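Chemist: Sequence:
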Amino acid sequence: MNWIWLIIAGLFEVAFAFCLGKVKESTGNEVYLWYAGFGIALFISMGLLMKAIESLPIATAYAVWTGIGAVGTVLLGILVFKEPATFWRLFFISTLIGSIIGLKMVSH
Numbered sequence: 001m002n003w004i005w006l007i008i009a010g011l012f013e014v015a016f017a018f019c020l021g022k023v024k025e026s027t028g029n030e031v032y033l034w035y036a037g038f039g040i041a042l043f044i045s046m047g048l049l050m051k052a053i054e055s056l057p058i059a060t061a062y063a064v065w066t067g068i069g070a071v072g073t074v075l076l077g078i079l080v081f082k083e084p085a086t087f088w089r090l091f092f093i094s095t096l097i098g099s100i101i102g103l104k105m106v107s108h
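The numbers in full-length UniProt numbering rise by one with no breaks, and the one at position 81 of the sequence shown is 81.
Hints are computed from structural coordinates only; laboratory data are not their basis.
Given the structure is predicted, the values throughout are model-derived calculations rather than measurements.
Heads up, a few of these hints could be off.
[Unchecked claim] Below, simulated DSS-like cross-link-like pairs (lysine-lysine); rule was C-alpha separation at most 25 Å, straight line:
1) Lys22 with Lys104
2) Lys104 with Lys24
3) Lys22 with Lys82
[Claimed, not checked] So the derived label-pair ranges between C-beta atoms look like this:
4) Tyr35 with Val80: 16 to 24 Å
5) Glu30 with Ile58: 33 to 41 Å
6) Val31 with Ile58: 16 to 24 Å
Built from N, CA and C at the ideal position, the CB exists for glycine as well.
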């Protein structure tokens with residue numbers, strides 16, 4: 001069950017990065033709503049990460065959490081914020097995904 005908490009925590013990390021991206025595009029009072037979304041997503045992400053490390057090794061959990069956040073944020077950047085999807089970006093993201101899967105496989 002803690003792996004599920006960890007995956008959800010990683011998705012909320014993507015959510016708070018998304019909110020930061022939207023802050024950059026926003027003006028006026030809308031900025032504060034995106035900052036609030038950032039704070040809420042950050043709080044949930046950290047809380048779920050803390051829950052996950054109750055039985056998972058901290059080094060593995062943190063690496064997987066940041067990996068999910070990194071992969072998700074790059075994909076959001078490409079799909080939502082129209083950042084370039086170059087060969088090398090996609091190549092290194094795929095190696096990161098492979099590393100996350102590898103950590104899951106070797107964790108006890």
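Chemist: Each of the hints needs a verdict: does it hold here or not?
Modeler: Hint-by-hint comparison with the structure:
Between the alpha carbons of lysine 22 and lysine 104 the distance comes to roughly 32 Å, so the proposed pair goes past 25 Å and is violated. Pair hint lysine 104 plus lysine 24 does not hold up; C-alpha atoms about 34 Å apart against a cutoff of 25 Å. Under the criterion of a C-alpha separation no larger than 25 Å, the hint pairing lysine 22 with lysine 82 is consistent with the structure, at around 13 Å. As the Cβ distance of tyrosine 35 to valine 80 is approximately 18 Å, the hint placing it in 16 to 24 Å holds.
The beta-carbon spacing between glutamate 30 and isoleucine 58, approximately 37 Å, falls within the hinted interval of 33 to 41 Å. Between valine 31 and isoleucine 58 the beta carbon distance is about 34 Å. The supplied range of 16 to 24 Å is therefore violated.
Checked against the numbered hints above, the structure breaks hints 1, 2 and 6 and satisfies the rest.
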